[in-house]
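Asks: Given next are the chains, with one letter for each unit.
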Amino acid sequence: MDAVLGLVLLFPLLGALTNGLLGHRRGWSKKTTAAVALLGSGLAMVAAWVAIGHWLIHFGRHHAWYVKLFSWIPTLWGQTTSGQLAPFTVDFALRLDGLSAVMVFFVTLVGFLIHVYSVGYMDGEGARGYARYFAYLNLFMFAMLTLVLGANLVVMFVGWEGVGLCSYLLIGYYFTEGWCASAGKKAFIVNRVGDFGFLLGIFLAYKVFGTVDFAEIGRLVEGNPSGYEGYLNAVGLLLFVGAVGKSAQLPLYVWLPDAMAGPTPVSALIHAATMVTAGVYMVARANVVYRYAPEAMVVVAVVGGLTAVFAASIGLAQNDLKKVLAYSTVSQLGYMFLAAGAGAFGAAMFHVFTHAFFKACLFLGAGSVIHALGGEQDVRRMGGLRGKLPTTYWTFVVATLALAGIPVFSGFFSKDEILGRVFAAGVGDLHGYGRVYLGLWVLGVVGAFLTAFYMFRAVHMVFSGQYRGEAERLHHVHEAPATMAWPLRILGVGSVVVGFVGMGKAVTFGADVNWFEHFLHDTAPVVATAHLSLGLEWVLILLSVGVAGLGIFLATRFYTGPHAFQTPQHLTQRFPRLYALLANKYYVDEVYEKTIVKPLERTSYFSWKGLDTVAIDGTLNALAFFTEIAGDFLRFLQTGNVRNYVLWILAGAAAFVVLLAV
Amino acid sequence: MIPVSWYLVVSVLLLACGLVGLAVRRNFITVLMSVELILNAANLNFVAFARQLGDVAGQVFPVFVITIAAAEAAIGLGIIVQLTRLKSTVALDAVQEMRG
Amino acid sequence: MQFLVTHFAQAVFMLLALFCLGGAVGVVLFRQPVHAALSLLASFLGVAGLFVLAQGEFLAAVQVLVYAGGVMVLFLFVIMFVNVRTVGKEVQYLRPLVPAAVVGALLFSALALTALWALSRRPLQDPSPLAMVEGAMVGNTEAVGWVLYRDYLLPFEVVSVLLLVAMVGAIVLGRKPKEGERP
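Chains as they are written, first to last, in the numbering used here: chain E, 31 to 692; chain B, 136 to 235; chain V, 1177 to 1359.
Bound conformation, chain E alone:
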């Protein structure tokens, strides 16, 4: 049965190879491409579910299913910080436990749905571009599943880099457009910064623990928590640098909004549902390190909380529909890190889980709108599409409600869990940083308000009121074809129901039905903090629902009805600086441009023109020149007459003899 886990990786890889290697052939039609790609991802989904079933039946959720596919790096000997020799062995091993099962479940499901959606969405592409797209998409599935299933840091890193590569390839899918290619490069290069930290984290983890296997590290740390004290913070922070890059947190979030240059299903799959949550998954995977590293945890929480509000505030003033969703993704990822930083790893994973459904649904809905309008992305030139795109409208609204955290919808349960845990960490004075956590809780509530506001602003600008774009586009508006509509419906339903697997205690009046948290208890536990009374929890719930409702109310007031857009315009006129600050994303890109990119460019230019062309090439050319001159003189000795050479040899021998004699 061990092979089933390998099959989960093998199917998408085969799909990617088939489409990638054969897709450029003339006889390879779009139907063949689609069939291969759907088989690759669909069979992976089936294999994943079979594997999860097998694991639950034969191992149970308390035990991990460890499969060693092959021995990858044979034993090398190295020295750990404690001075003892430790073997460094890396097996290409997979590990299915509660944590990876959750990820595998929704990655394969959402991945498959988005493959189906892409069949319709990418229909306008040529056959070769179509094959390229699906080859990349399948390759992404392979890399993502490797990342999720990897049993040690090194295998995880392989997947980590693999998804980064696929992200780069798919962002730059329309590479003939200069700005798409640059967006791809930006994503790749910014991620390099994070990956550098991740690599250093892996090295340090080996140096400290003498192993990179998650289970081994867990055993070592649990067995002797005080023995690794200083190192745990360092390892945790270095790994978190990697997570910051991949999951687009402050200050490395800048690549994600630009990543919207790729096709919309890609944004849904990679830059919303799966890849960007890899950082959260990694932190949850390494939670044993963080649990004993209070400072690292606080840093995680602070970065997450700041990002949540920061990105949400930028989202207020964006007019590109996909950019709004991108900033919302950054903001939601911030919430996940906030939860992880507060010790609620299970809650973080729960938000990853629900977010995957409603955010994928939102992106696919946005894709449907953009598809219907022939490529229009500016919400100012939309409006009144509700009647024309009913399926898209309803699924979009459902997903938006989930994102806003309105009760019954999935996002409510996860976001509420996060805010509750953070508040509890503040009250319980977790690791002595109680005030920090309370401050972060306030940020979280503010973020919830902003989220509800900007999401409903987008909904109203797209679907309510009058159409404001070119009339010609309106004639062509059509509801999504079935391949696009069904994934939307399924994800819309998912956005509603998946929250019920993790209902918090307060919601159910004390009944313990938080199945999700129990499921993850062994692999991503929740650090015990203060126990909140039921009443207090309800106050918190009402407060967060209240601010979300306020956000929705204000957005509806501002952007619908006869006086739509008047209040926002007044506000922009009264606070022009604030508006410019938000609309220009706090000028972060400009600051990076000035402080990092430009100096780097100048250094590179100097290295090219100054160092390479003048110094290095000059030295080499001078050497070559002198060699040539020397050769021009020495060639007179090269007479081509063998007897002449013999005489030289004799002269040399004679000189040697003279040397011996004297």
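It is possible that part of the hints are untrue.
Unchecked claim - List of simulated lysine-lysine pairs, DSSO-like, C-alpha gap at most 30 angstroms:
1) E:K418 x E:K353
2) E:K639 x E:K624
3) E:K418 x E:K60
4) B:K222 x V:K1352
5) E:K639 x E:K215
6) B:K222 x V:K1354
As the list claims (entries may be wrong) - Away from chain B, derived, C-beta distances all over 12 angstroms, residues of chain V:
7) Q1178
8) F1179
9) L1180
10) V1181
It should be emphasised that the hints constitute simulated quantities derived from the structure, not laboratory data.
Each residue gets a CB set at the ideal place from its N, CA and C atoms; glycine is no exception.
Fit chains B and V to the known structure of chain E by using the hints.
Replies: Frame of chain E, contents of chains B and V only:
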């Protein structure tokens, strides 16, 4: 008992003959023969000192030298065959193709 | 007569040395390559005899087999192959002989003086009996074999590879050029 210096004198004479042959002959084939003389001189030295020092290793190296000599003769004569095909001469002065 | 009996080895040495050096001089002086080659053969045989005198029986056999047999045949074959007539008409084949003889004599005297001077500075001990392997007397061939295959195995293998390369090279050089191919 023959003193080792006798061998050395014979060896040096052989070497001198080889060197002179190398320098004065224009015929490629005889030049090769002179090289063989020089190698023989070296072998003689090895053997003489092996006897003197009582170390059989001195008799092992001539084996290598003879092998090298055989290889060298085979290659050299192969070159001569090609040379006569190309220029119908074996005079070394006639070959200046490698002039720089 | 008595002198010859007591100094028999020295007498044989002298004879062989004469044989050897005469052959060597012949190589330099004979105009015809065939004569030079036969003279070289004499020199080789003389050296083989000197080997025997120095208790190098195995080497002497190798010398006769490889040099006097193999290499010599090769020389003669090539001389025949490249047509003796054209080869023989070597104009002024010895022109720089006099300066060369002077150089050779100088070289010889310098080398000989160096060798003798070095020997006089550090007189050698009495020659010890050869062919002792692990305390037991064995034949010369066995002794050489022991040293060759035990202490010098790697050089031996390297040399064998070199020989193989030379063989391949000789075949490539010797083959007839194909149609339209420059040799």
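Asks: With reference to the structure, classify each hint as holding or not holding.
Replies: Cross-check of the supplied hints:
1. E:K418 x E:K353: It holds: about 23 angstroms lies between the C-alpha atoms, which stays within 30 angstroms.
2. E:K639 x E:K624: holds, 21 angstroms
3. E:K418 x E:K60: holds, 29 angstroms
4. B:K222 x V:K1352: Given that 30 angstroms is the threshold and the Cα spacing comes to 15 angstroms, the pair holds.
5. E:K639 x E:K215: Holds: K639 of chain E and K215 of chain E sit about 23 angstroms apart, inside 30 angstroms.
6. B:K222 x V:K1354: Answer holds: K222 of chain B to K1354 of chain V is near 17 angstroms, not above 30 angstroms.
7. Q1178: Holds: least Cβ distance 18 angstroms, greater than 12 angstroms.
8. F1179: holds, 16 angstroms
9. L1180: holds, 15 angstroms
10. V1181: The claim stands: V1181 of chain V keeps its Cβ more than 12 angstroms from every Cβ of chain B (closest is about 15 angstroms).
When each numbered hint is compared with the structure, no violation occurs for any of them.
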